[in-house]
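If you read the sequences in order, they're chains A and B.
Under the numbering used here, the first residue of the first sequence is numbered 1, with each subsequent residue one higher.
Under the numbering used here, the first residue of the second sequence is numbered 1, with each subsequent residue one higher.
Treat the hints loosely; a few may be bogus.
[Stated by the list, open to error] With a straight-line Cα cutoff of 27 Å, these simulated DSS-like cross-link-like pairs (lysine-lysine) come out: (1) B/Lys-217 <-> A/Lys-180; (2) A/Lys-411 <-> B/Lys-381; (3) A/Lys-190 <-> B/Lys-137; (4) A/Lys-217 <-> B/Lys-82; (5) A/Lys-314 <-> A/Lys-383; (6) B/Lys-252 <-> A/Lys-90; (7) B/Lys-381 <-> A/Lys-450; (8) A/Lys-450 <-> B/Lys-137; (9) A/Lys-190 <-> A/Lys-175; (10) A/Lys-562 <-> B/Lys-475.
If you're looking for bench data, these hints aren't it; they were derived computationally from the structure.
This structure is a prediction, so every number in the text was calculated from the model and none was measured.
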Amino acid sequence: MKLIYQYLRRHLGIFLLSMLFLTMEAMADLLQPTFMSYIVDDGVKQADIRRICVYGAMMLLIALIGAVSAVMRNYFASCTSQSVGRELRKDIYHNVAGLSLENIDRLHPASIITRITNDVTQIQEFINGIMRIMVKAPITCIGAIVLIILQTPGQLPVILGIVVISALLIAGNMKIGYPKFGAVQGALDKLNDTTRQFLASVRVVKAFRAEEQESRKFAETSGWLADANTSALRTMAIFSPLVNLTVNFGIVLLLWISQSSNSGGIGKLMASVNYMTQILFAASMISNALNTAVRAMASSKRIQEVLDEQPAQKQAENPKTPEITGDIALKDVSFSYAGAGNPSLQNINIHIHSGETIGMIGPTGSGKSTLVNLIPRFYDATKGSVELDNCSVCEIEQNYLRSAIAVVPQKALLFSGTIRENLLWGRSDAAEAEIENASRIACADEFIAKLPEGYDTMLGQGGVNLSGGQKQRLCLARALVRAPKILILDDCTSALDAQTEASVLNGLSQLKQKTTVLLISQRISTVMRCNHILCLDNGQMRGYGTHEDLMRSCETYQEIYKSQIGGGENE
Amino acid sequence: MSEKNTGLPPANINGISRPGRGGVTVKPKNMKSTLLRLFELTKGKRRGLGWILLLSALASLAAILSPYLSGQAVTVIDNGDKAASVLLCLASLYLCDWLIKFLQAFCMAAIGQKIIYHIRGVLFEHVKTLPLAFFDKHRHGELMSRLTNDIDNISTTISSSLTLLLTYGFTIIGIFSMMLLLSPILTGVSMIGVVLIFLLTRAVTRRTGPLFKEQQKHLGALNGQIEESISGLSVVKAFCQEDKMESEFSRKNEQLCKTSIRALIVSGYLMPMMNVINNLCYVAIAVLSGVLYVRGIIGSIGLITSFLLYIRQFTRPFVEIANIYNNFQTAVAGAERVFEILDEESEPADKEGAFPLEAPEGNIELKNVSFGYSPEKQVLKNISLKIPAGTKAAIVGPTGSGKTTIINLLTRFYDVTDGQIELDGHDLRDYRMEELRNTFGVVLQDTALFSASVRDNICYGNPDAAMDQIIEAAKMTGADRFIRRLPNGYDTVLEQGGQELSQGERQLLTISRAVLTNAPIMILDEATSSVDTVTEQNIRRALLKLCENRTSIIIAHRLSTIRDSDLIVLLENGEIAEQGTHQELLDLGGKYAAMYRTQTGDNR
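One chain only, chain A, in its complex shape (with noise of 0.2 Å):
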């Protein structure tokens, strides 16, 4: 509710001016009874035609003042809450991308993707929706029920009490009601969760013959739902119509006072009727809206959470520009994931200098990816530093310390637009040339060539059309474009068949300007040739050398040596 008000004050002068032509729209509707009450009484009855005739006009010249006023109201309620959504989306948008990594992780990107779509929109009914219910309703029954009063004074008692009830009436609805709509949303929720995750997987659980044990799951948490929804549907089935009746009842009574105190005026009887329907239409209206309520509601906390999200890193307070030659020292660094027990780095010390091409292996969950990672900055070391030029990371400025990195990610990520566009992000400067230099280093410059529009092929979302191995390369190539300082191959070749694999690590070492070389890989002959070679084992450096060196002293890469290479001889 607060995140609402405080998007709606920006737009506090167009809000006011639709509350201002609501207000107006509402004045109109109440006064259409009243003319209709003098054409009536005044008019008909008398069987005066001129008097009709001017009542008649005064009455529709109300209703065109109510016509204009409600598409100015539907103008600028349109444009506040389309534009609160648009400042909305911006702005979990904004605050996303300057989220850490580690947010990210918190947080899941696909529940950020629905934050940012669906509960907005959620947002934007509901300020849709306030105009009319929250400030229409209670016009027109504040208005219904003074008029009403000022026509036949006697009634009032009776209005009270109907007001009473029908308050108590709405106010036990949002009551019991509100918790239930909760409970539906909340089985929603896990209803699309169970699907999610059955569509995900069907493979498996094809595979499995699991098909039994899925429909159970489904059954469950689609009977949750329906449960859910009955319950809350009844808690409203058993106050609207009880409403309805209050209203209703209270013009039976006030039929039966007028009957003794003939008041006067069949017109205004029909009008007070009239008032009362209105009063009825505006409660029922009221009650109705617990459920865009209690969206609203959820969808506004989901987005705050989002909102509040701190980035987990800090910025250096005078970020420094050093020059960067590629030289890395890690110096005693540790690092620990948010949440994890066990630390996934320990102790690390390693200098590397510029220019040099380290190769890094270990067994899986060995630490390698973490520990690239802390150099573009993902994340921070929890204990330690990382150092480029004698320079700790967290003290240069953000973009220009990535923009002398290149990663090559192990999961290959293309984004949709050209193939040139995708390559473009390396260095949106690079020339032609580069361009093509870089594809023909990734090897991916025939299969390019091959593509009906070469560079200028569009690539769906995510590279869709593409094969795997062909989409390492362009990541390949985009991080080549860059020209970088120091550039990190991910286990980036997995998707590579062993020959293109050779070719593209020959043409990396091929590189015109000097560049520091982080290569992960999981085959030994990958970084065999490489000057030092890092080997991890459970977040600890089980040793740093060169190919031979390791072979004398690091019983791991022993070890895994002997299980590329040097078993197979022997068969």
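Add chain B to chain A, keeping to what the hints say.
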């Protein structure tokens, strides 16, 4: 500025209807047959629905009679008489109205939800029998919205619109006959207003249709951009593209905002204009009735007041029916989309007299097998291959050469286009599907895990397995080591479907899962690509033990993994390029030998 003078329920009293404001009306292709089918589908689950329909017909009674009664009461009171009997009638009418509405809504809550539950279950039961080709073709988000949103929409909208349509329909007929009864001339005049409103509604919706479509388009573009950039945020950050992404986002966001406002404004003209027409109509009737009263054609003033009350009520149902009909159409179109899925063919049923597969030996033979995922592109071309029982076979080859496709055919995720695959001398299609798939213990390329405990994940294919069997399987693959380090060991719940584990750890779990099934034929598709080689060796040793006297098929990039297989098949472009044992292929000095040399770094 909507009409108020009514006792009818607000449009969305039934069910949790989706905010339908400003949606595109999608026209169903064949309304009648879809509705009939829907009716068929709910067979046996719609007990009580008849009562609800009856109740909604009755609910219109209040709407029809109350203006008449209150008109009567007003006239009587105005004449200075006591109106006790009329008021008593009115009070009892309202009481009935309350009871009817309460019963209707209360029963509908349960029956409607039961029907939703039923349809959802039917759809899921069908979806799970669909062949993999279906899941590969359709986007998951789309299927999810079928299973949740569409079905909700169908049931709530159709059931609530149906009751409302009935109520309004009866109301219109009732009021119309009352009006006719009161004064045919005035009724004729008021029909003009109805026609005007009808024309206006058509004119406006014709304009808003394309606008809302455009809005949907921009919304789609924006959502696509959001999805792409947020799920790829690590890369965006690595390449410092945050600003570019944000400006592109802003552009699309701006565009959406603009078109939405335009669409909302145009559609917002409808109600106020309708109101003006309504008032015009009212005044016209008032003037006319005044004239008629003066001329003595209409005798009683009470008649006029009643008529004027009716005229306020008469137009609203028409507008509502137009609205509801739009929603109704959208829901029926949704039902058609659901039926499209129900019409998708399930995996072929077992042939009549299909063989049981009790103790398969594991002789696999591919005879001239050809296959393509689409007719234009053949993935496998005329492959013939024999894998005798107990053979440790391996398939290698470049990306896209068709390795995984062979596995898809063996497990009958897909069926061959041409030729046949035999197991123990019979075509795969002659066996019962259930037993056939139980014959294979499969470790697939994608490491799908479930948001359940580690233990439940391992015993996924074999829910009755005892704890020590589970631990044994995990020990065999080396998963036991990391599982013990998890906060709750085997009872640790993988909240994010395994995303919190590393790729290698996930692979170890999926292998343990396959090991536990103890299937006669083991298939490993790139199962160890992200496991380090030492662990891989351990797994391989374990698997060797497991695969003793068992047929196994391993697909791998790393040749070290498959060196000691009995049979190595090198696939290239969907054809078998070379086959033999490791040594034979090395001696052959062909492509395999070249691959092996590059991988071991032996570049002589």
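Quiz item: What hint numbers does the structure not satisfy?
Solution: Structure breaks hints 1, 2 and 4.
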